[in-house]
Amino acid sequence: MRFLVFMLITFFLTSCGGETSSSGDRLYGRGEFEQAIEEYTKALETNPSAINHLYNRGRAYEEIGKLDLAEQDFLQVLSLDNQNLNANLSLSKLYYSKKAYNKAVIFADKALELNENSAQGHFLVARAKHQLGYVDSAMESYTLAININAEYGEAYLYRGALKIHKKQSKSACDDIRRAVNLDVPEAKAILKKYCK
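Residue numbers (the numbering used here): 1 to 196.
To be clear, the hints were calculated from the coordinates, so they are not data collected in a lab.
Watch out, some of these pointers could steer you wrong.
Stated by the list, open to error - DSS-like, lysine-lysine: derived pairs with alpha carbons at most 30 Å apart:
(1) K167 <-> K192
(2) K192 <-> K170
(3) K99 <-> K66
(4) K66 <-> K42
(5) K98 <-> K42
(6) K170 <-> K103
(7) K98 <-> K196
(8) K193 <-> K110
(9) K110 <-> K66
(10) K188 <-> K170
(11) K193 <-> K170
(12) K170 <-> K196
(13) K42 <-> K166
(14) K170 <-> K110
(15) K166 <-> K192
(16) K188 <-> K167
(17) K193 <-> K166
(18) K66 <-> K103
(19) K166 <-> K188
(20) K196 <-> K103
(21) K99 <-> K192
(22) K110 <-> K192
(23) K66 <-> K98
(24) K192 <-> K42
(25) K193 <-> K167
(26) K166 <-> K196
(27) K98 <-> K170
(28) K98 <-> K110
(29) K167 <-> K196
(30) K99 <-> K110
Quick caveat, the model's predicted, so the values are computed rather than measured.
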């Protein structure tokens with residue numbers, strides 16, 4: 001009898017956690033980030049080591065500009081699962097936005113150790129190295145991102161910008177045109193300015 005009661009309670013708690021998570025995910029999908037954070041927090045009260053809840057709450061914090069709270073959640077995810085690709089990528093992106101470019105490179109490199117075919121990982125390394133002034137290394141990383149995902153418009157755009165810096169106008173304009181064709185919003189203005 002005790003076993004049956006235990007199983008029913010476990011089932012009930014698991015079911016409630018799942019609903020809260022789904023509710024949080026639905027709210028997140030609708031752009032209702034603060035309400036999503038509340039739902040993820042409720043789910044974490046019953047299961048504090050639920051990696052998906054932590055990660056998704058971190059993403060919601062990121063969306064509303066609460067980067068320190070997002071960082072805490074992403075780091076907590078890594079303390080529970082240091083092989084979590086998404087948390088490493090998210091930390092790289094977060095540190096880039098905080099202008100902590102060395103940290104951005106570190107976490108993007110960790111992501112690439114987990115999946116060397118991550119176009120986003122190569123792109124994030126490239127952007128941070130670009131900001132740090134490592135032009136040739138950034139160029140190589142943008143190219144790797146493009147080789148993995150030929151539809152990565154932002155990688156074409158930023159590689160094109162580096163080529164402009166290196167006075168490789170024709171090749172730069174080819175990359176920027178490709179970014180325009182892939183609907184990267186700012187690419188048209190750059191094409192108009194540099195590729196006449």
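Here's how the hints hold up against the structure:
Distance restraint check for K167 and K192: the Cα-Cα separation of roughly 17 Å lies within the 30 Å cut-off, and the hinted pair is therefore satisfied. For a cut-off of 30 Å, the pair hint linking K192 to K170 stands: about 14 Å separates their Cα positions. A threshold of 30 Å between alpha carbons decides the hint, and for K99 with K66 the separation of about 15 Å falls inside it, so the pair holds. A C-alpha spacing of about 19 Å is found between K66 and K42, which places the hinted pair at or below 30 Å, so the restraint holds.
With a C-alpha separation of about 29 Å, the suggested pairing of K98 with K42 holds against the 30 Å cut-off. With a C-alpha separation of about 33 Å, the suggested pair K170 and K103 falls outside the 30 Å cut-off, and the hint is violated. Distance hint between K98 and K196 is unfulfilled; the C-alpha atoms sit about 34 Å from each other, more than 30 Å. Pair hint K193 plus K110 does not hold up; C-alpha atoms about 37 Å apart against a cutoff of 30 Å.
In summary, the hint linking K110 to K66 is supported, as the alpha carbons are separated by about 24 Å, within the 30 Å threshold. Restraint check for K188 and K170: satisfied, since their Cα atoms lie roughly 16 Å apart, inside the 30 Å limit. Between the alpha carbons of K193 and K170 the distance comes to roughly 14 Å, so the proposed pair stays at or under 30 Å and holds. For the suggested pair K170 and K196, the alpha carbons sit about 11 Å apart, so the restraint of at most 30 Å is met.
For the hint pairing K42 with K166, the CA-to-CA distance comes to about 52 Å; that exceeds 30 Å, so the pair is violated. Of the pairs offered as hints, the one joining K170 and K110 is violated, with about 34 Å between alpha carbons and a cut-off of 30 Å exceeded. A threshold of 30 Å between alpha carbons decides the hint, and for K166 with K192 the separation of about 19 Å falls inside it, so the pair holds. The hinted pair formed by K188 and K167 meets the criterion: a straight-line CA distance of about 19 Å does not exceed 30 Å.
Distance check on the hinted pair: K193 and K166 sit about 16 Å apart at the alpha-carbon level, within 30 Å; holds. Proposed proximity of K66 and K103 is supported: the alpha carbons are some 18 Å apart, at most 30 Å. Proposed proximity of K166 and K188 is supported: the alpha carbons are some 20 Å apart, at most 30 Å. Restraint check: the Cα-Cα separation between K196 and K103 comes to about 38 Å, which exceeds 30 Å; the hinted pair is violated.
The suggested pairing of K99 with K192 holds, with an alpha-carbon distance near 28 Å, which does not exceed 30 Å. With a CA separation close to 37 Å, the supplied pair K110 and K192 exceeds the 30 Å bound. A threshold of 30 Å between alpha carbons decides the hint, and for K66 with K98 the separation of about 11 Å falls inside it, so the pair holds. At roughly 50 Å between alpha-carbon atoms, K192 and K42 are farther apart than 30 Å, so this suggested pair is violated.
The hinted pair formed by K193 and K167 meets the criterion: a straight-line CA distance of about 15 Å does not exceed 30 Å. Distance hint between K166 and K196 is fulfilled; the C-alpha atoms sit about 18 Å from each other, no more than 30 Å. Taking the CA atoms of K98 and K170, the gap is near 33 Å; set against the 30 Å cutoff, the hint is violated. The straight-line distance between the Cα atoms of K98 and K110 is roughly 19 Å, inside the 30 Å bound, and the hint therefore holds.
The suggested pairing of K167 with K196 holds, with an alpha-carbon distance near 15 Å, which does not exceed 30 Å. Among the hinted pairs, K99 with K110 is consistent with the structure: their alpha-carbon atoms are about 18 Å apart, no more than 30 Å.
The structure shown violates the earlier hints numbered 6, 7, 8, 13, 14, 20, 22, 24 and 27.
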